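**Student:** Residues per chain, in single letters:
Protein chains: 2
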Amino acid sequence: MQRYFLTEPYEAKEHYVITGENYHHIVRVMRMETEQQVFLAFSDRLAIIAEITEITEDAVYLKEVSKEQAEKELPVNVTIACGHPKGDKLEWVVQKGTELGSHKFIGFPAKASVVKWDHKKLAKKRDRLKKIATEAAEQSHRQFAPDIVLLEKEQELIDVFSSYDKVLIAYEESAKVGERSRFATALSELKVGESILIIFGPEGGFSPAEIETFQEYGGIICGLGPRILRAETAPMYVLSAISYQFELV
Amino acid sequence: MQRYFLTEPYEAKEHYVITGENYHHIVRVMRMETEQQVFLAFSDRLAIIAEITEITEDAVYLKEVSKEQAEKELPVNVTIACGHPKGDKLEWVVQKGTELGSHKFIGFPAKASVVKWDHKKLAKKRDRLKKIATEAAEQSHRQFAPDIVLLEKEQELIDVFSSYDKVLIAYEESAKVGERSRFATALSELKVGESILIIFGPEGGFSPAEIETFQEYGGIICGLGPRILRAETAPMYVLSAISYQFELV
Chain A
312 MQRYFLTEPY EAKEHYVITG ENYHHIVRVM RMETEQQVFL AFSDRLAIIA
362 EITEITEDAV YLKEVSKEQA EKELPVNVTI ACGHPKGDKL EWVVQKGTEL
412 GSHKFIGFPA KASVVKWDHK KLAKKRDRLK KIATEAAEQS HRQFAPDIVL
462 LEKEQELIDV FSSYDKVLIA YEESAKVGER SRFATALSEL KVGESILIIF
512 GPEGGFSPAE IETFQEYGGI ICGLGPRILR AETAPMYVLS AISYQFELV
Chain B
312 MQRYFLTEPY EAKEHYVITG ENYHHIVRVM RMETEQQVFL AFSDRLAIIA
362 EITEITEDAV YLKEVSKEQA EKELPVNVTI ACGHPKGDKL EWVVQKGTEL
412 GSHKFIGFPA KASVVKWDHK KLAKKRDRLK KIATEAAEQS HRQFAPDIVL
462 LEKEQELIDV FSSYDKVLIA YEESAKVGER SRFATALSEL KVGESILIIF
512 GPEGGFSPAE IETFQEYGGI ICGLGPRILR AETAPMYVLS AISYQFELV
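Respectively, the protein sequence lines represent chains A and B.
According to our numbering, the first sequence is numbered sequentially starting from 312.
According to our numbering, the second sequence is numbered sequentially starting from 312.
Here chain A stands alone, though its shape is the one from the complex (with noise of 0.2 Å):
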């Protein structure tokens, strides 16, 4: 059943009235008919089976048949925080993150990152970053879309550490001198509800002295097993252990 993410928050109504680029894909893309049912996704998370009771030439109206009852969100919020990467990998990055449950992106110029992205050039960035993780959610069934937030400075993202209740990252230099336990530790002191910013760098990794600052705010460097992953990997392994030892053990 097709999934529409609506801006405003959930509110019991007679009929629910969609517009615009949603009425466009329900009525031209998926020429739907009355009486045929879509998701309704709130911007509180809440979402609704709907039926639509009428298509006029610029609105369609629907009406609430049930609540959707299932939990699709992971039980702890997790934010993904990649240095810049090179070409396509953080659009990459988002598809599969957003499938695999994260509930933000954060992009960062690290040291290492090749590119270099002015202010204009990073709105645009984030529209088209904020469209792929709105579509990734609709096909992987969420109930919401992930943020998505570009900074201008690496110090930005420091700034936001203390609003975590645990920041990791994820530091390939760890996994080489065979440290393969503070990952899964972090995990097992984690509490359903609580929120955890999760680190990684660029192709070329983070410098000693970015790990130092890291450190100093309170980040934990950990491992993520024996086998170097690319830069756009290791987002997805961390998110697959997190919905595996939260929602599957």
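Bear in mind the hints are in silico, worked out from the structure with no lab data behind them.
Warning: the hint list may mix true and false statements.
Computed from the model, here is a short list of chain A residues facing chain B with C-beta under 8 Å [said to hold, decoys possible]:
| # | residue |
| --- | --- |
| 1 | K374 |
| 2 | V376 |
| 3 | K378 |
| 4 | E382 |
| 5 | K383 |
| 6 | E410 |
| 7 | Q450 |
| 8 | A495 |
| 9 | A497 |
| 10 | I539 |
| 11 | R541 |
| 12 | S551 |
If you want a taste of the chain A side facing chain B, the calculated C-beta under 8 Å gives, among others [claimed, not checked]:
| # | residue |
| --- | --- |
| 13 | L317 |
| 14 | Y321 |
| 15 | F494 |
| 16 | I532 |
| 17 | T544 |
| 18 | A552 |
| 19 | V560 |
Label-pair restraints from in silico Cβ distances [what the hints assert, rightly or not]:
| # | chain 1 | residue 1 | chain 2 | residue 2 | range |
| --- | --- | --- | --- | --- | --- |
| 20 | B | S499 | A | V471 | 29 to 39 Å |
| 21 | A | P519 | B | G515 | 43 to 53 Å |
| 22 | A | V426 | B | R342 | 21 to 31 Å |
| 23 | B | D429 | A | E384 | 43 to 53 Å |
| 24 | A | K397 | B | I531 | 36 to 46 Å |
| 25 | A | K397 | B | N333 | 22 to 32 Å |
| 26 | A | V471 | B | P386 | 29 to 39 Å |
| 27 | A | P519 | B | Q466 | 32 to 42 Å |
| 28 | A | T524 | B | G515 | 41 to 51 Å |
| 29 | A | E490 | B | R342 | 27 to 37 Å |
| 30 | A | Q348 | B | A520 | 23 to 33 Å |
Keep in mind that this is a model prediction, so the values were computed, not measured.
Even for Gly, the Cβ is constructed at its ideal location relative to N, Cα and C.
Dock chain B against the given chain A, drawing on the hints supplied.
**Tutor:** Structure of chain B alone, referenced to chain A:
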């Protein structure tokens, strides 16, 4: 340090000789010189650190410095089988899945597979996937490059079920009805050194008839959490969870 895969098993020798494609890579691409070191990974999964002693016009001579100590391979033997997906998704699964530790990849024509590859096309495709697996194994510092097998009939996949200690089938319908424990239970029953085959459908998923046949031959259907994962994302989820469970927890 660069890593090269050799087709012969390890044997203690005074000198190791490298020719062909690896020679080209060492001498022309990396422009290495005598006294520089590389990893040599043998077909029996043993790897050594070796030092270049001589470079001639068509061969590099190396001597063993030490055995590689770190265990880079998953402690369980994982085979990922994918119903042939569209486009280059199988290449993507092989690249990322190799980083994440898969021992073998099997491609097979599922009922919903759109692509139809004949014998010749399969052989060409296999060569390409083997090259991708070898490159990803080098990059992620693995001790061997995974095997690639592309089957012409789905029955050939079922025929190998009995050679595995466990066979799992990732099934979206299981996830939808809230089945969340079988995957973790299967992993908890799996012992170090044992083998597991995990089967993933193409974009269209499996038909009820296919699932029934898999089950008749001992396959266990399982869900992978509450979100719907794409055909190429689900194998990453499974491999990450296995690494987490067996290497980090």
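**Student:** With reference to the structure, classify each hint as holding or not holding.
**Tutor:** Checked hints:
Given hint, K374(A) at the interface with chain B, is violated; its Cβ is 24 Å from that chain's nearest Cβ, farther than 8 Å. The criterion of a C-beta within 8 Å of any C-beta in chain B is not met by V376(A), whose closest approach is roughly 18 Å, and the hint is violated. Interface restraint check: K378(A) against chain B, minimum CB-CB distance 16 Å, threshold 8 Å, status violated. Nearest Cβ of chain B to the Cβ of E382(A): about 6 Å, under the 8 Å cut. The hint holds.
At a threshold of 8 Å, the smallest CB-CB gap from K383(A) to chain B is about 5 Å, leaving the interface hint in force. This hint holds: E410(A) has a C-beta 5 Å from the nearest C-beta of chain B, less than the 8 Å allowed. Interface restraint check: Q450(A) against chain B, minimum CB-CB distance 7 Å, threshold 8 Å, status holds. Because the smallest distance between the Cβ of A495(A) and any Cβ of chain B comes to about 5 Å, under 8 Å, the interface hint for this residue holds.
Checking A497(A) against chain B by beta carbon gives a least distance of about 11 Å; that is not within 8 Å, so the hint is violated. Below 8 Å, beta-carbon pairs count as interface contacts, and I539(A) has one with chain B at about 5 Å; its hint therefore holds. Below 8 Å, beta-carbon pairs count as interface contacts, and R541(A) has one with chain B at about 6 Å; its hint therefore holds. The interface hint given for S551(A) is met, as the beta carbon of that residue sits about 3 Å from the closest beta carbon of chain B, less than 8 Å.
For the restraint placing L317(A) at the interface with chain B, the shortest Cβ-Cβ distance is roughly 20 Å, beyond the 8 Å limit, so the hint is violated. Taken as an interface hint, Y321(A) does not check out: its beta carbon lies about 19 Å from the nearest beta carbon of chain B, beyond 8 Å. Because the smallest distance between the Cβ of F494(A) and any Cβ of chain B comes to about 6 Å, under 8 Å, the interface hint for this residue holds. Look at I532(A): its Cβ only gets to about 14 Å from chain B, farther than 8 Å, so that hint breaks.
With a least beta-carbon distance of about 5 Å to chain B, the hint placing T544(A) at the interface is held under the 8 Å criterion. The interface hint given for A552(A) is met, as the beta carbon of that residue sits about 4 Å from the closest beta carbon of chain B, less than 8 Å. For the restraint placing V560(A) at the interface with chain B, the shortest Cβ-Cβ distance is roughly 5 Å, inside the 8 Å limit, so the hint holds. At about 37 Å, the beta-carbon gap between S499(B) and V471(A) stays in the expected band of 29 to 39 Å.
Distance hint check for P519(A) and G515(B): the Cβ-Cβ separation is about 49 Å, which falls inside the suggested range of 43 to 53 Å. A hinted range of 21 to 31 Å for the beta carbons of V426(A) and R342(B) is consistent with their spacing of about 28 Å. Distance hint check: the CB atoms of D429(B) and E384(A) are about 44 Å apart, consistent with the given range 43 to 53 Å. In this structure the hint that K397(A) and I531(B) lie 36 to 46 Å apart at CB holds, the actual value being about 40 Å.
K397(A) and N333(B) have their C-beta atoms about 27 Å apart, which keeps the hinted 22 to 32 Å range intact. V471(A) and P386(B) have their C-beta atoms about 37 Å apart, which keeps the hinted 29 to 39 Å range intact. At roughly 55 Å, the beta carbons of P519(A) and Q466(B) sit outside the given window of 32 to 42 Å. Between T524(A) and G515(B) the C-beta distance comes to about 48 Å, which sits within the given range of 41 to 51 Å.
The supplied range of 27 to 37 Å is met by E490(A) and R342(B), whose beta-carbon atoms lie about 33 Å from each other. Range check, Q348(A) to A520(B): about 28 Å between beta-carbon atoms, so the 23 to 33 Å window is met.
Violated hints, in rising order: 1, 2, 3, 9, 13, 14, 16, 27; the structure is consistent with all others.
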